[in-house]
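Can you make the complete structure from the sequences, with help from the hints?
Its first residue numbered 938, the sequence shown is counted upward by one per residue in the numbering used here.
Calculated directly from the structure, the hints in this document are not laboratory data. Computed from a predicted model, the values in this text were never measured in an experiment. Careful, some of the hints might be misleading.
Distance condition first, Cα-Cα at most 20 Å in a straight line; then the derived EDC-like pairs of lysine to aspartate or glutamate [as the list claims (entries may be wrong)]:
1) Lys984 <-> Asp963
2) Lys952 <-> Glu967
3) Lys984 <-> Glu972
4) Lys952 <-> Asp963
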Amino acid sequence: MSTANTPTIAVASVKKNFGQVKAVQDVSFEVYPGEIFGLLGPNGAGKTTT
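This is how it looks when you write it as structure tokens:
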């Protein structure tokens, strides 16, 4: 199997609640070798929690 076709990072269906507040719901992504990845969003969107 080629490493270029294998993700370096794979995240699937991440969820995080703080009590009744959904901070993150069903986040999934893959990062492949050579890619640059970042999370963008407004304040309170769950970037740090993710």
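Right, here's what the structure says about each hint:
1. Using a Cα cut-off of 20 Å, the hinted pair Lys984 and Asp963 holds, with the two alpha carbons roughly 13 Å apart.
2. As the CA atoms of Lys952 and Glu967 are separated by approximately 16 Å, the hinted pair is consistent with the 20 Å bound.
3. Between Lys984 and Glu972, the direct Cα distance comes to roughly 19 Å. Compliance with the 20 Å bound is thereby established for this hinted pair.
4. With a CA separation close to 5 Å, the supplied pair Lys952 and Asp963 stays within the 20 Å bound.
When each numbered hint is compared with the structure, no violation occurs for any of them.
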